[in-house]
Amino acid sequence: MTLWAKLFKINKKSIDFIPPGRWVDLHSHILPGVDDGAQTLEKSLEMIRYASETGITHIVATPHYSDLFPTPPKKREAALKLLKEAVCDAGISIKIIGGWEISFTDVHIKRILNGEDFGISGSRNYTLVELPNGINKASVIEGFFSLMIEGTKIILAHPERNSLIQQDIDLIKELRFREVKIQVDAESIVGVHGPTAKKIAFELLKRDEVDSLSSDAHSLSGYKNYKKACEIVNNNFGKEIINKIINDVPSSIAGIK
Amino acid sequence: MENNSGILENNQKDVKERDFRMYARILLKYAPLIIGITITTTAIAFIYSVMATEVYEAKTMLRIERGSMKVLPGLDNAFYSGGRDYDFFQTQIKLFRSRSLIRAMLNELTSMKTPFSPEGATTEEQKINAFLGKVRVKPVPRSQLVHLCVEDGSPEKAALYANTLAKMYIQQSVDGKMSIVKHYGEWFDSQATAHERVIREREEDFKKFRQDNNIVELNIDLTASKDTLKRLQSQLNDLEKKIAGNDNLGDIKKFELEQAKAEMQEEIKRKKDRIIELDNLSAQYNSFKKKILAAQNYYTILLSRAEEWTSTKDEFDPRNINVIDKAKPPTRPIKPRKTVNVLFGMIFGMILGVGIAFFIEYLDDTIKSPTDVENFLKVPFLGLIPTVSSTQDLAAIEGIVENQPKGTIAENYRAIRTNILFSSDRPVRQLVVTSTGPSEGKTTTAINIAEVMARAGDKTLIIDADMRRPRIHKVITLEGDEKGLSNYLTGNATLDEIIHKSPIETLFVIPAGPIPPNPVEILNSPRLKILLDKMSERYDRIIIDTPPVIAVTDAAILARMADGVIFTVCGGRAHRDIVKRGINGLMKVGGHVFGVILNNVNIYRASYYDYYYYNYYRYAYGYGYREKKVDKKKRKKDSNKKNKDTSQL
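As you go down the protein sequences, you meet chains A and B in turn. Quick note: the first sequence, position 142, residue 151 per the working numbering, numbers continuous. Quick note: the second sequence, position 105, residue 127 per the working numbering, numbers continuous.
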């Protein structure tokens, strides 16, 4: 964004962002002590409290399942249980849903194909998949196909941060044509992930190719940025779009009625 | 897709953006070169400016008026040919550069004992030419002012030349006019003399005419004749009366009278003739007289004008050209113009540098980016390995996955693994890793791919089939003695003897063994096929490191037997055509090429595509840039430590 545009934006009267009655965050690293997200239960609760105050009603806890963070499923179950109870005890009215963020590598894909469930619980087999660095288009198409033919539905996590998508944004259109859902990170909108990610995120919003705007929060600042991003999207793209990407589509993905 | 045109438009926009980025990349890549050339040319320009002989310019300001000569009305045109002011002014300016003026000026300088003698000019003409090169005349627009500028190495001389030239110019102009003035004086004199002569001649003619015709003065003669006639006639009348009144006169007397009468009549007749004659002569006489008078009149006028001329010519001032400002020795040289020269040097250097950069880029046909792989080699791009920071030595790179299983390079190798396994429909059990030339990173790639595959849980075997420069046994620490492939192929070892365990549980190694004198013959042994078949039964993945394809056929033999080939290309070093030839060669013998791994890509200085990678690295994993930097520093420290450790060992 140019300086002029920035100045112009300041002068422009912003439209108040009113959180919808239902607000589903499909991507968060909120589970304590499993990956590079919240490290302690206190940190998790702090994040959840802030999220609740912001107006978020559902959080899908999606710990990494990757080479860097091979979270064991049992560990996740324990953390999930712990957090759910803590939230209940604290009297916060947020619903925590179990999920995963699967790294798209042959090892992890094979595990899904072997019948392990990494989907969002409650959804009809929707799985959050992130593309690792250096992947090529052919393997994305091939790998996604092998997953989908087995009945796994794919939510593509933060494509705007991936080098492959950044150099070939039209790939998103092709993937959406194959029923892949697109999840954009709030922090990309704010600019935390650099100018290119921000540019691509805005372009995807402009093309109306975003299905979910989620926090991908690793800490409290993640939720602060989530709120900021929603305000930015609300200002630039309007109420309908924001409602669609934080309420309508994420709700139907997560199977929330 | 439903909206093809939209995609097309986007593509075109993309292409433009890519072009722009490509140019930006080239400029960035060759920035040191461009800056170097710019600095060099700037320095040259500066040194030239400092070393070059200084040239000074002296300036004198002249005012050229279109003065007039009041002496003789209507004589102005004689001095100033051409009517319009502009023409006049231009003429005057051109006169500054006339050779005659310069010649006069050079003579003047010689007489002033400051002769103008430039280098290499011996003849007068050469000197004039040399001087003409120094003179510039700059009229001040919309005024009668002219700047006369003269350049010279010495400020004093420049001023002297400028002033002398102005002086000579004015002098020549005055001389010119004075000569005209003098000419008029002489003209008057000669005219007067001529006319005096004419008058004299005409008077002579008149005199002769009068003598010839016996005329003293026509009117007087005529009157006298007429009077005489009258008197004669009255005398005749008297005589006749006398004769008539005196009848009684004697015959003698009468005869005498009659005789007198006849004489008288005769006399009258003569007088009458004379009067007629004089009348006839009067026209001629008057004509003579008028001619003399006219000549006399003109002579009088000439004399009076000449008188007038002599009395006023001293008051005539021909100086219509004045020096307003005399030239002073300039304090600062006009040449060399340091700022201009340095600026020019800089701009020229920049243009030259950019030109050279683009030319080198144009000549450079090495494969540098994933785009090059897809555009020129037309095989799948399997991934890239960025250049590792220079502080890390080769050993560190080769154990990259082992050393840093969570680093970005390990991440790249895992992506390559995924790409290899997913982007082909063929079975991926036996993989030949090769390259076109030596030292492109085959062994490193082979080891790391084997390692990521082993770590993914596949039972992996790596075979060092490079029996020319085997290196795997040096990189991977092996247990037991080093019997290897050559031992088995020559029948000197069993399979179990040559398979070695590695530090990684699922990774097994067959080293090259002793280097044989004839690797091709050994590889052509039927035992190779048996080996591969048996190994395929035992292991999930078999990675085969081979010699480069361009020199020897070892890789081709193996490629024909294996499921496929992975080509390692060293970014910025392997030439398109050579890599292409290598790939085509393998395809010809029936090898399948899975794709290309681009090695040694400098992500901080690579093409547009890698620009994204660059961004990716910067912003990867959402921890922000600063933490990443800290990470890098830490890693550097770590690696330094490690290096120290190894050196101590």
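Because the hints were derived from the structure by calculation, they are not lab data. Hints may contain errors.
The calculated lysine-lysine pairs, modelled on DSSO-like cross-linking and capped at a C-alpha distance of 27 Å, are [what the hints assert, rightly or not]:
#  : chain 1 : residue 1 : chain 2 : residue 2
1  : B       : Lys556    : B       : Lys505
2  : A       : Lys207    : B       : Lys51
3  : B       : Lys556    : A       : Lys119
4  : A       : Lys146    : B       : Lys602
5  : B       : Lys291    : B       : Lys312
6  : A       : Lys84     : A       : Lys104
7  : B       : Lys400    : A       : Lys146
8  : B       : Lys156    : B       : Lys360
9  : B       : Lys350    : B       : Lys189
10 : A       : Lys182    : B       : Lys263
11 : A       : Lys208    : B       : Lys51
12 : A       : Lys119    : B       : Lys481
13 : A       : Lys104    : A       : Lys233
To give an idea of the interface, some chain B residues facing chain A are shown, with a C-beta separation under 10 Å as derived from the structure [stated by the list, open to error]:
#  : residue
14 : Leu404
15 : Thr440
16 : Leu443
17 : Gly479
Residues of chain A clear of chain B, computed beta-carbon distances all greater than 12 Å [to be verified]:
#  : residue
18 : Ile27
19 : Thr63
20 : Asp76
21 : Lys119
22 : Gly131
23 : Glu151
24 : Glu249
25 : Ser261
Predicted model, so just to flag it, every value in this text is computed and none were measured. We put the beta carbon where it would ideally sit given N, CA and C, even for glycine.
Quick rundown of the hints versus the structure:
no., hint, result
1, B/Lys556 - B/Lys505, "18 Å, holds"
2, A/Lys207 - B/Lys51, "26 Å, holds"
3, B/Lys556 - A/Lys119, "26 Å, holds"
4, A/Lys146 - B/Lys602, "22 Å, holds"
5, B/Lys291 - B/Lys312, "32 Å, violated"
6, A/Lys84 - A/Lys104, "20 Å, holds"
7, B/Lys400 - A/Lys146, "15 Å, holds"
8, B/Lys156 - B/Lys360, "20 Å, holds"
9, B/Lys350 - B/Lys189, "14 Å, holds"
10, A/Lys182 - B/Lys263, "167 Å, violated"
11, A/Lys208 - B/Lys51, "25 Å, holds"
12, A/Lys119 - B/Lys481, "15 Å, holds"
13, A/Lys104 - A/Lys233, "19 Å, holds"
14, Leu404, "7 Å, holds"
15, Thr440, "5 Å, holds"
16, Leu443, "4 Å, holds"
17, Gly479, "7 Å, holds"
18, Ile27, "28 Å, holds"
19, Thr63, "20 Å, holds"
20, Asp76, "6 Å, violated"
21, Lys119, "9 Å, violated"
22, Gly131, "26 Å, holds"
23, Glu151, "5 Å, violated"
24, Glu249, "22 Å, holds"
25, Ser261, "23 Å, holds"
Checked against the numbered hints above, the structure violates hints 5, 10, 20, 21 and 23; every other hint is satisfied.
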